[in-house]
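Student: Protein chains in written order, with numbering that gives the first Met the number 0: chain A, 0 to 127; chain B, 0 to 141.
I should point out that these hints are in silico values taken from the structure, not numbers from a laboratory. All values reported here derive from a predicted model rather than from experimental measurement. Do not rely on the hints blindly, as some may be mistaken.
Unchecked claim - Derived DSBU-like pairs (lysine-lysine); straight-line CA-CA distance at most 30 Å:
| # | chain 1 | residue 1 | chain 2 | residue 2 |
| --- | --- | --- | --- | --- |
| 1 | A | Lys68 | B | Lys45 |
| 2 | B | Lys115 | A | Lys68 |
| 3 | B | Lys45 | B | Lys115 |
Claimed, not checked - Quick list of the computed label-pair ranges, beta carbon to beta carbon:
| # | chain 1 | residue 1 | chain 2 | residue 2 | range |
| --- | --- | --- | --- | --- | --- |
| 4 | B | Ala74 | A | Lys68 | 35 to 43 Å |
| 5 | A | Glu65 | B | Ala74 | 38 to 46 Å |
| 6 | A | Pro42 | B | Gly77 | 35 to 43 Å |
| 7 | B | Ala48 | A | Gln101 | 35 to 43 Å |
Where is the CB? At the ideal position from N, CA and C, for every residue including glycine.
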Amino acid sequence: MRRATGYLGVAVIAGALGQLLMKVGVSLAPPLAALSFTLEAVPVLAVIWVSAGIACYGLAVCVWVEVLKVYPLSIAYPVLSLGYIIVYIVSISYLGESGSLQKSCGIGLIILGVALVAHTPQEGSKHE
Amino acid sequence: MTYLDEGGVFQTFIQGEGMTDLAFLWGYLALFVAISLSACAQVLQKLAASRTQPALSTRILPPVLYNPFFLMSLACLGLSMLLWLVVLSILPVSQAYPMMSLGYVLVMLLARYLFKERVAWQRWLGVGLIILGVSCLIGAEA
Numbered sequence: 000m001r002r003a004t005g006y007l008g009v010a011v012i013a014g015a016l017g018q019l020l021m022k023v024g025v026s027l028a029p030p031l032a033a034l035s036f037t038l039e040a041v042p043v044l045a046v047i048w049v050s051a052g053i054a055c056y057g058l059a060v061c062v063w064v065e066v067l068k069v070y071p072l073s074i075a076y077p078v079l080s081l082g083y084i085i086v087y088i089v090s091i092s093y094l095g096e097s098g099s100l101q102k103s104c105g106i107g108l109i110i111l112g113v114a115l116v117a118h119t120p121q122e123g124s125k126h127e
Numbered sequence: 000m001t002y003l004d005e006g007g008v009f010q011t012f013i014q015g016e017g018m019t020d021l022a023f024l025w026g027y028l029a030l031f032v033a034i035s036l037s038a039c040a041q042v043l044q045k046l047a048a049s050r051t052q053p054a055l056s057t058r059i060l061p062p063v064l065y066n067p068f069f070l071m072s073l074a075c076l077g078l079s080m081l082l083w084l085v086v087l088s089i090l091p092v093s094q095a096y097p098m099m100s101l102g103y104v105l106v107m108l109l110a111r112y113l114f115k116e117r118v119a120w121q122r123w124l125g126v127g128l129i130i131l132g133v134s135c136l137i138g139a140e141a
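Could you build all of it, start to finish, from the sequences and the hints given here?
Tutor: Here it is, written out as structure tokens:
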């Protein structure tokens, strides 16, 4: 249980970090570089950041399996979506992205929505 | 410097005097395609899981790698990841990342209509909230 909680924390942080690293990476490259397949025009630094981001994402996917062995989706998904808050805070603090009340509300609604979508009704209350 | 669309239409939207609305539209389009592809990957994995594996004792690789549904799901995920990088190069990450939740909505709809799974009313409410939240995010950047 405790171990799975740790993995859940790793999944949230690695998932968020992965997105931030990928964002930093693609910002250093030309717009459609991801689709060009010829890496010669892409700065090495961009490739490094993006690769680090994908590695973080991969780590999150790997520990996710361990999380799901203990936690039901109805807990795991909403907790994972807390990563949106991490990305929001870091990106407005360090990446120069804009923050607003509307954006905060949007993220709040999405997290609430994820909690409901992942919600599993109690057995025995089958009134559908 | 050689990359796709060099000196083409796309760049003029992105570079120069900053982003225009049209660039954002491309970003949203790429985002929806990326999310749809990852939702398709989920469905393909479900199909792969429900397919009985033939005994392949003579083969070296894990049997799942001979499952066409699984291979297709990997292709979808790879393409989705590639497109996601395009998305991130256009949209702010604080906006794009939460919008990934639309994937849960798509998977739920596919499960409902493809696999005839039951969907409780609370989950429909959740779909509504996610869509509302995504609308807020799109509106906030405009």
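Student: Does each hint fit the structure? Answer for all of them.
Tutor: Okay, the hints, checked on the actual structure:
A distance of roughly 18 Å separates the Cα atoms of lysine 68/A and lysine 45/B; the hinted pair therefore holds under the 30 Å criterion. Of the pairs offered as hints, the one joining lysine 115/B and lysine 68/A holds, with about 25 Å between alpha carbons and a cut-off of 30 Å not exceeded. As the CA atoms of lysine 45/B and lysine 115/B are separated by approximately 13 Å, the hinted pair is consistent with the 30 Å bound. Between alanine 74/B and lysine 68/A the beta carbons are some 27 Å apart, a value that contradicts the proposed interval 35 to 43 Å.
Between glutamate 65/A and alanine 74/B the Cβ separation comes to about 26 Å, which falls outside the hinted range of 38 to 46 Å. One distance hint, 35 to 43 Å for the beta-carbon pair proline 42/A and glycine 77/B, is violated here, with the actual separation near 23 Å. Evaluation of the 35 to 43 Å hint for alanine 48/B and glutamine 101/A yields a pass: the beta carbon distance comes to about 40 Å.
Hints 4, 5 and 6 from the list above are not met by this structure, while the remaining hints are.
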